[in-house]
Structures are given as structure tokens and as C-alpha cells.
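Chemist: Going line by line, the protein sequences match chains E and B.
Residue numbers for the first sequence follow the working numbering, beginning at 21 and rising by one.
Residue numbers for the second sequence follow the working numbering, beginning at 1306 and rising by one.
Think of the hints as simulated: they come from the structure by calculation, not from any bench.
Just so it is clear, the structure is predicted and the values come from calculations on it, not from any experiment.
For each residue, glycine too, the CB sits at the ideal point set by N, CA and C.
Just so you know, nobody snuck in bad clues.
Take a look, some chain E residues computed to stay more than 12 Å from chain B by CB distance:
no., residue
1, S23
2, R26
3, L27
4, K30
5, T31
6, Y32
7, L36
8, S65
9, A103
10, D104
11, Y107
Quick list of in silico lysine to any residue cross-link-like pairs, SDA-like style, CA-CA up to 20 Å:
no., chain 1, residue 1, chain 2, residue 2
12, B, K1355, B, G1322
13, E, K62, B, F1307
14, E, K62, B, E1378
15, E, K51, B, E1308
16, B, K1428, E, L122
17, E, K54, B, V1309
18, E, K62, B, F1377
19, E, K58, B, N1379
20, E, K51, B, F1369
21, B, K1428, E, T124
22, B, K1428, E, S132
23, E, K58, B, V1366
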Amino acid sequence: MTSHKRLHLKTYLMILVMVVAGPLGNLMLGKGMKNIGKITTKISSPGEFVHVFGRILASGTIWLGIAALLTFFVAYMLVLSWADYSYVQPASSMAYPVVALLATLLLDEVVSPIRWVGIAIICLGVSVVGHTNPRTTENP
Amino acid sequence: MFEVIFFSLIVVAGTAGELCVSRAMKAIGEVHDFRPSALVKVFLNALRVKWMWIGVGLMAVGFFSLLAILSFENVSFVVPVTALSYVGGALGGRFFLGERVNWRRWTGILLVCVGVTLVVIGKG
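Working from the sequences, and respecting the hints, build out all of it.
Modeler: Take a look at the structure:
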């Protein structure tokens, strides 16, 4: 395998890790927090705040979510060490439709057609932002 | 009401945190050496910059706001709305870091705003 092909394969693999790990992390955070319940109605005193905070720290689902988000972050940092920011950022915006898709499949959330259109436009917007020059200031 | 507060905290505190971290990293200088020992040195240098501590604190506020809103809103609604951080990032980059935001980047940011508006409308 040529080094060019290997670089492409490595890049696609890292972007795949990002697009899967990021949404999965958010999904797990969402599931974990739903299990805890609406915190705005649960916290009315400092004691209750400590209790809810303790439940968050004790939730395995939330820790799995944090681990998945850390995986996303490491993959993001690694891929940025060899690939262009303007290439990686639009690709990483695929996390928005993936999170909506996984939420409908795994958490039974209902995503209306207008929300799908909104998500598609967000991806387009992020893609346009990503295709601008990543550095607009002089080196210090 | 709580949605507005938490989304504002996610976008404002999260973005402000990232901008502070970015400012701290700019103060440290571009990283050329990626050997583990050099990265540890960069990490230790980063801890000495006050912007890094402010940034990490603000990012923590953003993260806990995300957890709070996920306790009562759907993840398929919350995550796309957090794309508003691109708007905060552009404004902060322009006015806090002195970056030049060109018309193309503003167009992308406008598209993100339109998309987020549709996501919010699509909630009802």
C-alpha cells in the first residue's frame, strides 16, 4: 500500500471514529441524564444539588458518554495533526445527522422533517465555514 | 425559560472557554515537537497561563449546562442547537482574538443560524 493510500485510509478511519464516538457520547449523556430526571425540578436547595451531582458522578452511562466524547476528542486532535482543518471540520459536521439518526433508532426520539432540513442546513453552514482559511492572523 | 438559560450558557461559556484556551495556546506558541516529553512540557507550560484556567473553568460550565438540558430535552434537539457556538466563535474570534472573518465564513454562520431556527421550529 502506498503512503498516500495509507494516509487516506488513516484519515477516513479517524473521521469514522469521530462521527461515531461523538454522537454516541452525546446519546449516552442524554440517556444518563434522562434517568436522573429533570434537574430543574429536583434542585431547590444546596443539599439537593449535592445529591443530584453525586448521582451524575455515580452514573455509569454518563461516564461511558464522557469516555466516548474523550475518544472523539483524541481522534479529532490526531487527525488535525496531519489533515487540514478545512477538510476535517465539514466531515465532523456529519455528527449532527448521525446524532439525530441514532436518537431515533436507539432512544425512540421523533425527529420531524423540518428538523431534518434544519440539520442538513447546519451541515452545509459548517461546511462553508470549514472551507474558509483556517488562519487569518499573522504568526506571533 | 430554562432552555434559554442553559443554551446561552452552553454557547457563551463553552465558546468563551474555547477562545480563552485558544488565547492561552497562542501565548505558548505553535507546537512543532510532538514527542511525548515535549507534549508534557507544553501541557505544563499551559498550566502556567491564566487564560487556560479561565478557559477550562468556562468549558466546565458549558459542559454541566449541557448535562442539565439533556435531563429534560431530547438529544436530537439539543446537539444541533449547540451549533450556535459557531456564531459565538466567529464573534469572539473577531472581537477577542482579532481574527478576520470574511464574507464566506459569515455566510456559513448565517446558514448555521437558519438551520438552528428550523430545528427549533421543528420541535413543536
